[in-house]
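**Q** Sequence:
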Amino acid sequence: MAPMGIRLSPLGVAVFCLLGLGVLYHLYSGFLAGRFSLFSLGGEPGGGAAGPAGAADGATVDLREMLAVSVLAAVRGGEEVRRVRESNVLHEKSKGKTREGAEDKMTSGDVLSNRKMFYLLKTTFPTVQINTEEHVDATDQEVILWDRKIPEDILKEIAAPKEVPAESVTVWIDPLDATQEYTEDLRKYVTTMVCVAVNGKPVLGVIHKPFSKYTAWAMVDGGSNVKARTSYNEKTPRIVVSRSHSGMVKQVALQTFGNQTTIIPAGGAGYKVLALLDVPDKSQEKADLYIHVTYIKKWDICAGNAILKALGGHMTTLSGEEISYTGSDGIEGGLLASISMNHQALVRKLPDLEKTGHK
Numbered sequence: 001m002a003p004m005g006i007r008l009s010p011l012g013v014a015v016f017c018l019l020g021l022g023v024l025y026h027l028y029s030g031f032l033a034g035r036f037s038l039f040s041l042g043g044e045p046g047g048g049a050a051g052p053a054g055a056a057d058g059a060t061v062d063l064r065e066m067l068a069v070s071v072l073a074a075v076r077g078g079e080e081v082r083r084v085r086e087s088n089v090l091h092e093k094s095k096g097k098t099r100e101g102a103e104d105k106m107t108s109g110d111v112l113s114n115r116k117m118f119y120l121l122k123t124t125f126p127t128v129q130i131n132t133e134e135h136v137d138a139t140d141q142e143v144i145l146w147d148r149k150i151p152e153d154i155l156k157e158i159a160a161p162k163e164v165p166a167e168s169v170t171v172w173i174d175p176l177d178a179t180q181e182y183t184e185d186l187r188k189y190v191t192t193m194v195c196v197a198v199n200g201k202p203v204l205g206v207i208h209k210p211f212s213k214y215t216a217w218a219m220v221d222g223g224s225n226v227k228a229r230t231s232y233n234e235k236t237p238r239i240v241v242s243r244s245h246s247g248m249v250k251q252v253a254l255q256t257f258g259n260q261t262t263i264i265p266a267g268g269a270g271y272k273v274l275a276l277l278d279v280p281d282k283s284q285e286k287a288d289l290y291i292h293v294t295y296i297k298k299w300d301i302c303a304g305n306a307i308l309k310a311l312g313g314h315m316t317t318l319s320g321e322e323i324s325y326t327g328s329d330g331i332e333g334g335l336l337a338s339i340s341m342n343h344q345a346l347v348r349k350l351p352d353l354e355k356t357g358h359k
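Numbering of the sequence shown is given in UniProt numbering, commencing with residue 1 and proceeding in unit increments.
Just so you know, these hints were derived from the structure itself, not from any lab.
Think of the CB as a built atom: it goes at the ideal place given N, C-alpha and C, for glycine as much as any other residue.
Errors might be hidden in some of the hints.
Dumping the calculated EDC-like pairs for lysine to aspartate or glutamate here, alpha-carbon to alpha-carbon at most 16 Å [what the hints assert, rightly or not]: (1) K201 x E167; (2) K93 x E79; (3) K156 x E65.
Derived DEER-like restraints, expressed as beta-carbon distance ranges [said to hold, decoys possible]: (4) S231 x T139: 46 to 54 Å; (5) H91 x S319: 17 to 25 Å; (6) D137 x S87: 20 to 28 Å; (7) N233 x D137: 14 to 22 Å; (8) R348 x E86: 18 to 26 Å; (9) K349 x S244: 21 to 29 Å.
Using the sequences plus the hints, can you model the full thing?
**A** Quick look at the structure:
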């Protein structure tokens, strides 16, 4: 009697193998899609900067489009900043101490604004380098799409596209400038900012004031929606400085320009640059010079530098050196910003200010 056994149908075996291959393919393709999504959005865990994602050789970006998206990003971030402040639930915490010993604060406004701004820019321009003040968490990534509409005010000023190599571009985002003042509910100082640098030189700048909804933008050798004031006082200037070390600047400024010099303590680098311009915002103070004497981060100043440069103004270190927006994220040499003045003559008037700032 033949032993009992199980006969396997060739058709059944084939079907079983096909099903197994299908499961393996589904799992593997899902894994690849997830990795591609993370890579293309630049959401690398553990850092606030994301490098070029799959940049092809010879890839270019249009600066006019980058300006349009930068304006939109600043406004979207500003909406988050305003919403959190008006909720009065800031979830405030400290990131540590600044070099001057002050608390380096962060709030939900910073985090949520950063997410909107970063992912809008990264989704639209996946091949460019983006540096941002706050940590970019890959688990919070979102796809935020641009409708590809360039606003009429930009088209009016910049009639044609301006293509540059994608690898030459660095974007600097400040999702909430003047966080200290934000926590104190000093709303007029708060801005969101985007800057685009090409080969380290600032060429696009956007400064948005979330609480007045005013936005200033400019492109070097392109156009702008803001302009310089008609006159400035170079002999006895009004000088806008940081609230945290106004006394330090005041001492040297009075020695340099005389007792009639006015010192305006203010929060936020974006606010201080706007103080030099013709801004239709009643809460905006007016100044003739902006001086900073301590270490400062590049995302704080790049947008203002680009706007001043586009309008014929200057922002340099206190020793008159141009600021490069590549490499490290900060500068040691303080800064001097002016417009419609002899900038180098001003630099020569302030020979001891940098030394004072590093004591």
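**Q** So, for every hint listed, does it hold in this structure?
**A** Results of checking the hints against the structure:
1. K201 x E167: Given pair K201, E167 holds - Cα atoms ~14 Å apart, limit 16 Å.
2. K93 x E79: 21 Å, violated
3. K156 x E65: 14 Å, holds
4. S231 x T139: 46 to 54 Å: Distance hint for S231, T139 holds at roughly 52 Å.
5. H91 x S319: 17 to 25 Å: Cβ of H91 to Cβ of S319: about 40 Å, so the range 17 to 25 Å is violated.
6. D137 x S87: 20 to 28 Å: For D137 and S87 the Cβ distance comes to about 21 Å; the hint holds.
7. N233 x D137: 14 to 22 Å: For D137 against N233, whose Cβ atoms are near 47 Å apart, the range 14 to 22 Å is violated.
8. R348 x E86: 18 to 26 Å: Since R348 and E86 have Cβ atoms about 47 Å apart, the given range 18 to 26 Å is violated.
9. K349 x S244: 21 to 29 Å: 23 Å, holds
When the structure is compared with the earlier hints, violations turn up for hints 2, 5, 7 and 8 and for no others.
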